[in-house]
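Residues per chain are reported as follows:
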Amino acid sequence: MAAVQVCEAEKVYIMHGVRDDLRVDGRGCEDYRHMEIETDVVSNTDGSARVKLGYTDVLVGIKAEIGKPKPAAPDEGYLEFFVDCSANATPEFEGRGGEELGSELSCTLYKVFNNVNSLELRALCIAPREHCWVLYVDVLLLQCDGNLFDAISIAIKAALFNTRIPKVTITEGEEGGAELELSDDPYDCVRLNVENVPCIVTLCKIGHRHVVDATLQEKACSVAGLLVSVTHKGTITCVRKVGGGSLEPESIFEMTETGKRVGKALHAPLMKLLRDEEAQGKQRQKVGFLG
Amino acid sequence: MAAGLMRLPVFRKQETVSESNEKHLVVPGDVITSDTGFMRGHGTYMDEEKLTASVAGEVERVNKLICVRPLKTRFYGEVGDVVVGRITEVQQKRWKVETNSRLDSVLLLSSVNLPGGELRRRCAEDELAMRDYLQEGDLINAEVQSVFSDGALSLHTRSLKYGKLGQGVLVQVSPSLVKRQKTHFHNLPCGASIILGNNGYIWLYPTPGQQDEEAGGFHTSMEPVSLPDREVISRLRNCILALATHKVMLYDTSVLYCYESSRPHEIKDLLKPEVMEEVVMITRQRLVEQAG
Numbered sequence: 001m002a003a004v005q006v007c008e009a010e011k012v013y014i015m016h017g018v019r020d021d022l023r024v025d026g027r028g029c030e031d032y033r034h035m036e037i038e039t040d041v042v043s044n045t046d047g048s049a050r051v052k053l054g055y056t057d058v059l060v061g062i063k064a065e066i067g068k069p070k071p072a073a074p075d076e077g078y079l080e081f082f083v084d085c086s087a088n089a090t091p092e093f094e095g096r097g098g099e100e101l102g103s104e105l106s107c108t109l110y111k112v113f114n115n116v117n118s119l120e121l122r123a124l125c126i127a128p129r130e131h132c133w134v135l136y137v138d139v140l141l142l143q144c145d146g147n148l149f150d151a152i153s154i155a156i157k158a159a160l161f162n163t164r165i166p167k168v169t170i171t172e173g174e175e176g177g178a179e180l181e182l183s184d185d186p187y188d189c190v191r192l193n194v195e196n197v198p199c200i201v202t203l204c205k206i207g208h209r210h211v212v213d214a215t216l217q218e219k220a221c222s223v224a225g226l227l228v229s230v231t232h233k234g235t236i237t238c239v240r241k242v243g244g245g246s247l248e249p250e251s252i253f254e255m256t257e258t259g260k261r262v263g264k265a266l267h268a269p270l271m272k273l274l275r276d277e278e279a280q281g282k283q284r285q286k287v288g289f290l291g
Numbered sequence: 001m002a003a004g005l006m007r008l009p010v011f012r013k014q015e016t017v018s019e020s021n022e023k024h025l026v027v028p029g030d031v032i033t034s035d036t037g038f039m040r041g042h043g044t045y046m047d048e049e050k051l052t053a054s055v056a057g058e059v060e061r062v063n064k065l066i067c068v069r070p071l072k073t074r075f076y077g078e079v080g081d082v083v084v085g086r087i088t089e090v091q092q093k094r095w096k097v098e099t100n101s102r103l104d105s106v107l108l109l110s111s112v113n114l115p116g117g118e119l120r121r122r123c124a125e126d127e128l129a130m131r132d133y134l135q136e137g138d139l140i141n142a143e144v145q146s147v148f149s150d151g152a153l154s155l156h157t158r159s160l161k162y163g164k165l166g167q168g169v170l171v172q173v174s175p176s177l178v179k180r181q182k183t184h185f186h187n188l189p190c191g192a193s194i195i196l197g198n199n200g201y202i203w204l205y206p207t208p209g210q211q212d213e214e215a216g217g218f219h220t221s222m223e224p225v226s227l228p229d230r231e232v233i234s235r236l237r238n239c240i241l242a243l244a245t246h247k248v249m250l251y252d253t254s255v256l257y258c259y260e261s262s263r264p265h266e267i268k269d270l271l272k273p274e275v276m277e278e279v280v281m282i283t284r285q286r287l288v289e290q291a292g
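These protein sequence lines map, in sequence, to chains A and B.
Under UniProt numbering, read the first sequence as residues 1 to 291, first letter to last.
Under UniProt numbering, read the second sequence as residues 1 to 292, first letter to last.
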């Protein structure tokens, strides 16, 4: 992780600020930074989104390809995650520097998103045991300023909303086998139901309290945190402890409760924004990377 | 809570430059002049006999010499500059300090004040106790004592103004946005103090009550800062970032005006682009009024 150095006195200042519910940038403990979301930013993907959270900047692209279902779940499609830590984000990622963080991120994302409860994987199945859609989710970190998980999960949800998979028809082949036929019409496509896709809320324990959306400086003051993925109904789908320190059971309970509340509140504005953007359609000028 | 939290990105507005102080601004590749009678300075190169800019910034002319002063840059130190920096390494008889310049700066053991203000030659014991004074990650403010031939800076803290920094907030901006002034230490009337480092590192801290001179600048108080002080510091931090995003020169007056014009807004609202824009616009107006 891109670490910043923070001296003892600064840490004390940040910790006392969290205690008083006034963080260094004036936010309260449960406030997110300003977020900017745009979908359909990469034309050669089936769905893409870019999320800026403060100075954190992530780009997610989704490509759909036809593959073979996994033997354990023959009637389901599946997702593959790859997180690319670009050296643009921080020089530490140069060469193989970002690999560890990348695999940690993609592993967690796989756990959070690749299950029947968060996404209708059955809808991705074309022919049981034969063919299914595999969604390759590629995450690119363009800038890191803390709270990667939350930004990535929101970007994934937005990109999934934006994903359009071409319709497939199965016809009987000449030799008895099934033949797949992809629709040529770009508007003849399937959308994914993203209603149950969770958002991740990372809570960092600082002193006796916990904060959401920690900046890098705040993260440096925290030894342990909790990652909670929450659906729009407030159901928790995944909980993971992050960081080297330990947490008391009581504070884990408090943190999951906060995570639930904060995470639940994320979904409504996100969906509203995505629908608004879609309603504006081609009238809206894309900002992309030149804004 | 989430109202106005998420939004679609919008295009950056074209900033209108007031006509009274029109500046010659260039981007890399712009031809500054095709007249051959000029000398090539920093930030320029000769392209087919034409003087061309290699960085984005403002053209400066001194007689026949043409330079381009970049907007976004590392810190070019000059003797006497006030800097804020972070210790990155403790070495023999010296500390390495990160000061946003191209090379790490050095702070020699012989150019610091010893705790207690003792004046004597540094001995081996002092060398062993170096990490007790300043350790990795500590923030200091110092003055540039000299510049080495490779551009690295040598710092000194031989004054009670300088030394280790205690509780407060560091804000990092581009060095070209900090206006050079007689003093870079200000006790702002809004209740906090500010050190505007020439290297673009700005330190905000609660105004100290009474100076405890005998500590020699190595003692830091870990007492909690009061909530009103924190509010002022956080507001100042957001104001400075707002000014920096809109490329307004930073000095005591501009910071103070921005602070005053941000009063109607909540501190955390100052992170929103439209509030930033509004506050900076009012500040600009006031600065123009004051100047004219």
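Incorrect hints may have been included.
Stated by the list, open to error - Computed footprint of chain A on chain B; a stretch qualifies when at least three of its residues, placed anywhere within it, have a C-beta under 8 Å from a C-beta of chain A:
| id | stretch |
| --- | --- |
| 1 | 117-128 |
| 2 | 143-149 |
| 3 | 158-167 |
| 4 | 264-272 |
What the hints contain is simulated information worked out from the structure, not anything from laboratory work.
No experiment lies behind these values; they were computed from the predicted model shown.
Just so you know, even glycine gets a beta-carbon here, dropped at the ideal spot from N, CA and C.
Here is what the structure says about each hint:
Taking a C-beta to C-beta cut-off of 8 Å, the stretch 117-128 of chain B contributes 0 residues in contact with chain A, too few for the three needed, and the coverage statement is violated. Here the stretch 143-149 of chain B counts 0 residues with a CB under 8 Å from a CB of chain A, which misses the bar of 3, and the coverage is violated. Residue count for the stretch 158-167 of chain B with a Cβ under 8 Å from a Cβ of chain A: 3. That meets the three needed, and the coverage hint holds. For a cut-off of 8 Å, the count of residues in the stretch 264-272 of chain B with a CB near a CB of chain A stands at 6, and the three-residue condition holds.
Against the hints set out earlier in the document, violations occur for numbers 1, 2.
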